[in-house]
Each structure stands twice: as C-alpha cells, then as structure tokens.
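**Student:** One letter stands for each residue in the lines below.
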Amino acid sequence: MKSKCLIKKNSYYDSVTLMIITKEVESVQGVENAVVVMGTEHNKELLNNVGLLNDETSAASPNDLIIAVKLEDDSIFDSIVQKVDELLNKKRSEAGEDYYPPTLDSAVKHLPESNLVIISLPGQYAAAEAKKALLNDKHVLLFSDNVTIDQEKELKTIAVERGLLMMGPDCGTACINNVPLAFANVVKKGCIGIVGASGTGTQEIMVQIDKFGGGISQAIGTGGRDLKAEIGGLMMIQGIEALAADEETKVIVLVSKPPALEVAEKVLKVLKSTGKKAVVDFIGGDDKLVLDYGFIPAATLEEAAYKAVELCSKSVDEVLGLEVPEFTKATAEVEKAVKAEASKLAKGQKYLIGLYSGGTLCDEALKLFTKEMGDIYSNIPLKPELRLPENAEIYKNTAIDLGDDEYTVGRPHPMIDSYTRQQMILKLEKEQEAAILLLDVVLGYGSNEDPAGTLVEQIKSVKASFDARGQHLCVVAGICGTKGDPQDYSEQVRKLEAEGVVVLPSNAQAVRFAIKVLREVL
Amino acid sequence: MNWDKVKKPGYILPISIGSKAYEMLTKGSERAAVHSVFRNAINLQYEDDYLITAMPESFSASCQSVILSEADFNTLKSSITVFDGAQYTNSPMLLQKTRIIDLSIPDFEKFPAFKKLPVEVLKEAVKSYKEAFGSKSIASGLAPILGGSGNLYTEAADRGLQELKESLCSERLEGIKAALFGFIGLGPGLTPSGDDFIYGCLAALYYFWAYKDKDRSILEKTAAEIAVMANKKTTIISYNMLRSCIAGEFNESVRDFCISLLNSKYSEAFMEKVLRIGSSSGADIMTGMLFTFESLLDKEVKNEIKMPN
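Protein sequence lines, in the order shown, are assigned to chains A and U.
Each residue of the first sequence is one higher than the one before, starting from 1 at the first, in the numbering used here.
Each residue of the second sequence is one higher than the one before, starting from 1 at the first, in the numbering used here.
Everything labelled a hint here was simulated from the structure, so no lab data went into it.
Each hint should be verified, as a subset may be incorrect.
[Claimed, not checked] Dumping the calculated BS3-like pairs for lysine-lysine here, alpha-carbon to alpha-carbon at most 25 Å: (1) A:8 - U:165; (2) A:8 - U:110; (3) A:347 - A:329; (4) U:232 - A:132.
[What the hints assert, rightly or not] Stretch-level coverage of chain A by chain U, calculated; a stretch enters the list once three of its residues show a Cβ under 8 Å from a Cβ in chain U: (5) 18-30; (6) 46-55; (7) 370-381.
A virtual CB, placed ideally from N, CA and C, is assigned to each residue, including glycine.
Taking the hints into account, I'd like the entire structure generated from these sequences.
**Tutor:** Put into structure tokens, the structure is as follows:
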C-alpha cells in the first residue's frame with residue numbers, strides 16, 4: 001500500500017462537498033482509504049495513526065485542505081487528483097446548489113469552453129486578473145477603472161498579439177453576439193456593428209438604431225482612453241478588424257470623443273481597409289477628416305444611428321444627403337408642447353439645468369446647447385473657463401455629469417443609485433432663475449430597476465415649490481431605452497408624464513426641445 | 001421626507017445583526033478580506049482574524065452574524081468577488097435601523113413562566129431528543145458518539161470522551177478543559193467536527209450553570225483558554241466560533257434549544273433548527289449538547305440520591 005496526498009492551500013469547502021469527495025475518492029478502484037480533512041494538528045495525528053502522514057501533510061496548516069489517500073498503486077493518483085479537481089470545480093447545481101467559482105483559475109477549469117471574462121474589481125487588482133484572463137486566451141471586458149495607462153497599454157498589447165478583445169478598462173457597455181454585457185439595452189439583431197469608446201454613447205446609438213428599425217450585430221467597447229495617443233486606438237482597431245471579419249456586420253459605427261489626429265488617421269485607415277460602409281461620430285470632432293476617408297460623420301448619437309440604419313440599404317452618397325428629423329413627433333405637436341411649457345414660465349426664469357447620469361449624454365447636451373445658445377457651465381466643461389465655479393453646484397446654464405468621479409466616491413454610479421440626483425433635484429427649489437430641468441433616464445441591463453420611479457417624488461416636490469411661488473419648472477427627459485428593456489419602457493414614460501415631465505425618445509431631441517422652450521422666453 | 005430612513009437602491013439594510021458584528025462594523029473597521037463565500041454564507045475577515053458572517057434570513061444568527069433579506073444577501077453575494085487578496089468595504093451597509101440580536105444567556109430566575117423542573121423530567125427531555133436525533137442515523141463526524149456505528153473520528157475521540165464524561169459528572173473544570181483540548185481541530189469539515197462538538201458542550205455547560213444560578217466566571221476562563229488553544233490548532237472559522245463562546249453568546253438556535261430543553265418543552269423544531277447550522281456542524285453541535293446535558297444530569301441524579309431525606 002502506498003500513501004499519497006493532495007494539499008489545497010487556504011481552501012474552504014463546505015462539509016457536504018468534502019464528504020462527497022471522500023466518498024467519490026474511496027470509490028475509485030485501488031483506493032483502500034481516503035481522508036479529506038483540514039490540516040489541524042489533531043487531524044494530522046489521525047492521519048499518522050492510519051499511515052497517511054508524510055512530509056507534505058505534516059507541513060499543512062489548519063486552513064489547508066488535505067486529501068490523503070492510501071492506494072495499491074500510486075500510478076492512479078493522477079486520475080484521483082483530476083477527479084478531486086473536477087468535483088471541487090463541478091457545478092454544484094447538480095447537488096441543488098449554484099456554483100460560484102472562487103477564483104479565475106477555478107472558473108476557467110469549471111467552464112473551459114468559455115471565451116470571455118468580465119472583470120469588475122477594485123482597480124489595483126483588476127489589471128492582474130485581466131492579464132491572467134488574456135493569458136488564458138479569453139477576451140476581456142474590464143469594467144473597473146483606476147487601471148494605469150501603462151497597464152492598459154500592456155494588456156491591450158497582449159490582446160492584440162493573441163487576437164483577443166481587451167474591452168476597457170472602464171468599459172461599461174458591450175453586446176457580443178446579442179448578449180448584453182454590463183450596462184446594455186435589449187435591441188434587435190441586425191447588421192450594424194459598433195465600436196465605442198464611450199459607454200452611454202454606445203448605449204444611445206444602440207437604442208436609436210433599434211428605434212429606427214435597425215439591429216445590432218456586435219457592440220464592442222474599448223474604454224474611454226483607447227484613442228489617446230498613449231494607447232493609439234489599439235482596441236478600436238482590433239474591434240474594427242473583428243467587425244471586418246464578422247459576416248453579419250455590413251455597416252460599422254465608431255463613437256468616441258475627438259481622438260488625437262494621428263490616432264484618428266490610423267483608425268480611419270484601418271476602417272477603410274475593411275471595405276465596409278461606416279458612420280463615424282467623433283463627438284464634436286473633425287467632420288472633414290471623416291468625409292475625406294469616404295465615411296459619414298454624425299453630429300449627434302441619434303444622427304449616427306439614423307444614418308447607420310439608412311446605410312444598410314443605401315449608398316454613402318445617398319445617406320450623406322439625408323437630413324435627420326429634428327423630432328420623431330410631428331412638428332406641430334412639438335411646437336404646441338413647447339408653447340405650453342414656455343407659457344407657464346414666469347419672468348426671470350431663463351436657465352437650463354441638466355442633471356445627467358450618462359457622461360457622453362451630458363457631453364452631447366453641452367455641445368448641442370453651446371452651438372445654439374452659447375456658454376454652459378459644467379463639471380466636464382467644453383472649455384476650461386466654463387468649469388463650474390468652486391462651491392457652486394449650479395451656475396447659470398449648467399449641465400452636470402453625476403457619474404463623474406467627484407459625485408461617485410463611496411456610492412454606486414447614478415445609473416444604479418439615484419440618490420445624488422434626487423438630492424440635486426430637491427436643491428433646485430431655491431434656483432429662482434431656473435426654467436428647465438433636463439434629465440436622462442437610462443434603461444437596460446445594469447441600470448436601476450425603476451429609474452423613473454426613483455425620480456418622480458423629487459420632481460413632484462420641486463415642481464410644487466415652483467408652483468407655490470407662481471413659477472413653473474419645465475422638466476424634460478430623454479429616455480435611453482427600448483421596449484425590450486427589463487424596466488418596462490412604457491411604464492417608465494407613464495411615471496414621468498404623470499408628473500408633468502416632457503419625455504422625448506432621445507437625448508438630442510430632449511436637448512432640442514429644451515432649447516426651443518428657452519428661445520420662447522429669452 | 002426623511003431620506004435617512006429610505007433604503008437607497010444598491011445599499012444593504014440588514015434585518016438583524018449580532019452584537020459582535022455590530023461592534024466591528026461600527027467601530028470603524030471598514031475593510032475586510034473576503035474569506036470565503038458559500039451558498040448561504042459569506043465570511044468576511046476583519047482585523048484580529050474576526051470573521052463576520054452574512055447570511056440570509058432563514059438562517060439563525062450568532063453574535064458575529066449579519067442577517068439579510070434573501071434579496072440583499074444575493075446583492076451582496078453578487079457584489080463580492082473571491083480571489084486572492086480580495087477586499088470588501090462596508091460602505092453599502094446601512095446599520096442605523098438594524099435590530100441588534102441579544103444572545104446573552106437569560107436570567108432564568110426572572111424568565112417568564114419558567115419553572116425549575118425535577119432532574120428526571122429534564123433527563124426525559126434529553127432522552128427524547130437523543131432518540132429523535134438517533135433516528136436520523138447520521139454517520140459522519142462525531143454524531144455516532146450518541147449511538148450507531150463509529151468511524152475514524154469517533155474512534156480517535158473515544159478516550160477523550162471517557163475523560164470528558166467523568167469530568168462532567170464530577171464537574172471538574174480542569175478535567176473538562178483537558179478533555180476538550182483533545183477535540184480541537186479533530187475530524188472532517190471546514191469547522192472540524194471536534195470544534196463543533198466543543199461548541200455544543202460549552203453551550204450546554206453555560207446554560208446549565210445559568211439554570212443552576214452558578215457563577216459562570218470560571219467557565220468563561222475555561223472557554224477563553226480553549227479559544228487560545230483553538231487559535232493555534234484549528235481553522236479561522238472554528239477559532240471564531242469557539243472565541244464567541246467566552247461571552248456565552250451562542251447561536252440563536254442553540255440558545256433556543258437549550259432554553260427549551262431546560263424548560264422541558266420538547267419540540268423537534270428546536271432540534272431541526274440547530275441541525276441547519278452549517279453543512280454538518282449542527283449535528284456535531286447537537287452531539288456535544290446532548291452528551292453534556294446527559295452527563296450533567298447524571299451527576300445531578302447522583303447528587304439527589306446522595307441527599308439525605
């Protein structure tokens with residue numbers, strides 16, 4: 001008889017699992033005895049008594065798991081080790097329990113056919129786990145932020161070498177083979193592929209494509225820094241190449257904040273080489289460069305979606321000449337609603353206050369407003385001099401990205417937890433010059449299960465305060481969501497409209513509506 | 001509206017919390033290592049190896065437990081990732097409105113409707129519980145001590161059991177302590193069966209002494225010495241469990257079982273609740289309690305016989 005052992009350092013399994021292992025190992029032909037215990041002194045004594053103590057088991061600590069076996073022939077030990085690993089990693093649902101692999105290694109063993117790992121960990125640990133996943137030949141969606149740019153470069157270089165997607169860091173949205181990942185909406189399957197360096201930007205494009213009757217083949221996130229010179233668009237290029245190889249994808253949409261010129265050119269060259277039609281929304285970027293490469297530029301996320309859907313059945317030249325409708329509803333109906341809201345505003349009410357949960361949606365609002373109305377202050381200003389003054393949460397025309405770091409320290413993102421926005425809405429009560437409150441309401445997987453419901457009480461309260469002093473607060477909301485989203489789109493609209501909120505089906509339309517109301521009173 | 005009273009989405013509002021867990025979470029220990037995650041338990045490891053265990057509401061609490069609604073438990077579980085060096089921050093837990101569970105041993109003299117019963121009546125209650133427990137034919141861990149065919153671990157425990165029985169019958173704490181040392185870290189399980197057995201023994205001793213209105217300070221000293229030994233000789237989870245015995249704050253279902261037995265309110269429901277502790281710990285705890293109550297009551301019978309008319 002020979003004795004062999006397997007030590008699992010700092011391993012914690014419940015007793016039922018350990019009993020199953022004991023039984024299964026004992027049932028292997030050639031095994032005379034098996035003991036599965038934690039490495040306490042008394043258990044080691046016991047192993048000694050039954051002839052199973054050796055140098056390895058002696059060295060185990062009380063928090064190590066010992067699997068000691070007495071067998072006829074030690075050549076079968078490898079198969080026992082394999083069996084134990086299978087049992088420890090196997091889906092416990094077979095025994096009526098869900099299985100949560102405790103480590104990436106055990107997850108990989110548990111589901112070897114998996115090919116994508118989603119990582120959401122504190123930043124200091126995230127890069128190491130992402131690297132481990134890439135080295136296991138898995139694509140990665142890295143939700144975490146606080147990963148250094150050097151780490152990002154290293155991870156993306158490994159990904160490119162291995163032909164993998166390294167989505168992130170700080171990648172909040174993707175939809176791969178119609179499986180939504182992180183924050184994502186339920187959209188129709190179709191022929192439009194998106195590569196986005198912006199979370200809510202990608203979501204808004206997906207949603208609008210769905211509304212215009214199109215569908216998504218893939219939505220690949222890159223993380224917000226991918227088009228910076230230091231990273232050089234590694235993942236946007238990788239994403240474009242993935243879409244080039246994807247037979248389902250006929251039209252490509254790129255969305256990002258304006259990249260460095262050399263990066264933009266590199267990306268557009270790769271896009272050109274795919275031979276596929278494309279819409280490029282370098283939000284507020286250089287339209288001429290995009291046109292020079294034969295692609296279609298877009299001024300808003302909604303326009304990018306509209307033109308992408310049109311491109312599925314039309315040529316680039318045909319689509320270039322198309323005008324995007326300003327509003328989905330009939331002009332007369334919109335004008336009537338604008339006049340109705342404007343007529344209720346009192347003298348002196350003149351400012352727009354935007355409280356956003358989506359950063360790109362806020363950025364889009366800033367750009368549209370600036371183009372039409374002039375300066376608007378923000379915590380993510382278009383120009384440094386338009387940064388909100390210190391100690392002022394609101395200043396004249398304002399649009400705030402409540403998902404920015406300064407508002408999310410120690411609390412979840414405002415798309416999940418509306419608390420900060422609720423408080424900000426209540427504080428508007430004292431803003432006597434405010435005329436319009438502009439909001440985004442983002443639906444989809446990952447978002448709050450009832451985003452509209454979390455805001456209506458505060459909207460009602462602040463509107464009542466304005467009414468009480470003979471004023472009116474016009475509240476306008478753009479909904480980023482589809483009828484397939486888990487929150488029930490119609491119910492979300494109903495809840496907002498019940499409190500007198502003007503609900504528009506896109507952020508761009510919401511901003512345009514707000515501008516029209518302001519124009520009536522200025 | 002008072003916003004402090006509103007449970008914010010993404011935040012966790014525990015239903016109840018053990019006194020030690022409350023102390024840990026409110027004294028500023030915000031960061032913990034994720035020790036282990038099971039289907040119905042999440043163990044978080046704080047400074048000095050203190051573990052706090054989050055569990056769904058259908059499970060009974062100990063002084064280091066945080067009891068959550070099923071939904072909150074699942075939220076917490078999904079927010080935790082287990083990997084080497086994983087950290088957890090308490091910030092999403094709101095404790096202002098949480099009930100603190102009092103697990104201290106009641107003053108039996110002041111206990112409502114509590115009558116001290118003749119020893120024979122209590123022995124009958126122990127016998128009934130032993131029969132009900134025996135009918136489950138639990139063959140693993142130390143449960144066969146109370147009857148049934150032994151195993152590797154009961155054989156190893158055999159000599160210590162004799163010593164323990166004799167010491168309990170003579171109520172010699174030094175002997176009890178020496179015997180219990182021999183069980184630390186013995187047997188299978190994440191909390192080895194021997195540790196669960198000790199926990200059951202100490203619970204029975206604490207409650208029986210309280211019932212007899214005896215000064216428990218010497219018992220606390222013994223429990224503290226056992227905990228010191230456990231720190232070196234067994235797993236962190238077991239060490240925490242045995243350390244919690246010092247203050248006499250036992251698991252809710254263990255407390256309910258002891259009180260019901262001493263009040264001779266036999267009900268299998270009390271036993272079943274104990275058996276639900278851990279995966280197999282409940283059975284070993286029950287073994288320790290029944291073994292100890294039986295021995296202590298044997299001693300009482302002898303004393304009664306010795307008593308002159």
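**Student:** According to a criterion of three or more residues whose C-beta lies within less than 8 Å of a C-beta of chain U, is the region 46-55 of chain A covered?
**Tutor:** It holds: at least three residues are needed, and the region 46-55 of chain A offers 3 whose Cβ sits within less than 8 Å of chain U.
**Student:** Examine the region 18-30 of chain A: at least three residues should have C-beta closer than 8 Å to a C-beta of chain U.
**Tutor:** With 3 residues in contact (Cβ-Cβ under 8 Å with chain U), the coverage given for the region 18-30 of chain A holds.
**Student:** Hey, residue 8 of chain A versus residue 165 of chain U, does the alpha-carbon distance stay inside 25 Å?
**Tutor:** violated, 36 Å
**Student:** At least three residues with a C-beta closer than 8 Å to a C-beta of chain U: is that true for the region 370-381 of chain A?
**Tutor:** It is violated: at least three residues are needed, and the region 370-381 of chain A offers just 0 whose Cβ sits closer than 8 Å to chain U.
**Student:** Going straight from one Cα to the other, do residue 347 of chain A and residue 329 of chain A come out at no more than 25 Å?
**Tutor:** violated, 29 Å
**Student:** Is it true that the CA of residue 8 of chain A sits at most 25 Å from the CA of residue 110 of chain U?
**Tutor:** Given that 25 Å is the threshold and the Cα spacing comes to 51 Å, the pair is violated.
**Student:** With a cut-off of 25 Å on the C-alpha distance, tell me whether residue 232 of chain U and residue 132 of chain A pass.
**Tutor:** With Cα atoms ~34 Å apart, residue 232 of chain U and residue 132 of chain A exceed 25 Å; violated.
Hint compliance for this structure: hints 1, 2, 3, 4, 7 are not met, and every other hint is.
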